[in-house]
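Using the sequences and the hints given, assemble the complete structure.
Per the numbering used here, the very first residue in the sequence shown carries number 779; after that it's consecutive.
Hints were generated in silico from the structure; no laboratory data involved. Errors might be hidden in some of the hints.
[Said to hold, decoys possible] Okay, the calculated beta carbon distance ranges per label pair:
#1 Ser863 - Glu793: 38 to 46 angstroms
#2 Lys819 - Ile781: 13 to 21 angstroms
#3 Val814 - Gly862: 34 to 42 angstroms
#4 His849 - Gly779: 30 to 38 angstroms
Fair warning: this is a prediction, and the values are worked out from it, not measured in the lab. All residues carry an ideal CB built from backbone N, CA and C; glycine is no exception.
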Amino acid sequence: GKIERYFSRGRRVIEFSNGTKKFQLGFSMGSFVIFVNGDLKLAHGDGRTSYYYAEADTWHTSCPDGLQVYHFKGGQSEMHYKDGSRHIKFANGTVSKVPVDDLLTLDGSDKF
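Here's what the structure looks like:
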């Protein structure tokens with residue numbers, strides 16, 4: 779079962795029997811879900827969806843244009859584009875572009 783509580787301006791909270799809670803922030807403002815394992819899911823009002831994997835301490839954001847953005851525990855971040863290319867920023871500040879058919883750093887040197 780579930781318990782739903784309604785508030786002004788379209789806000790509501792849904793509590794599920796397994797302990798998961800969903801918070802609806804209001805008309806077109808988005809929502810977020812807190813899972814019992816510590817994971818979070820955010821639905822932004824602009825169409826983006828972010829998911830936090832608690833065990834891995836990692837964020838993954840999906841954008842309406844197909845862009846996928848990852849932020850990892852160690853400080854690395856990645857942008858995965860719809861065409862298959864990637865932009866990676868390592869924790870030490872090194873930045874690499876990964877084209878669909880090749881792997882090159884921004885300075886043009888091979889990473890193989």
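Against the structure, the hints:
no. : hint                                : result
1   : Ser863 - Glu793: 38 to 46 angstroms : holds (42 angstroms)
2   : Lys819 - Ile781: 13 to 21 angstroms : holds (19 angstroms)
3   : Val814 - Gly862: 34 to 42 angstroms : holds (35 angstroms)
4   : His849 - Gly779: 30 to 38 angstroms : holds (35 angstroms)
Hint compliance for this structure: every hint is met.
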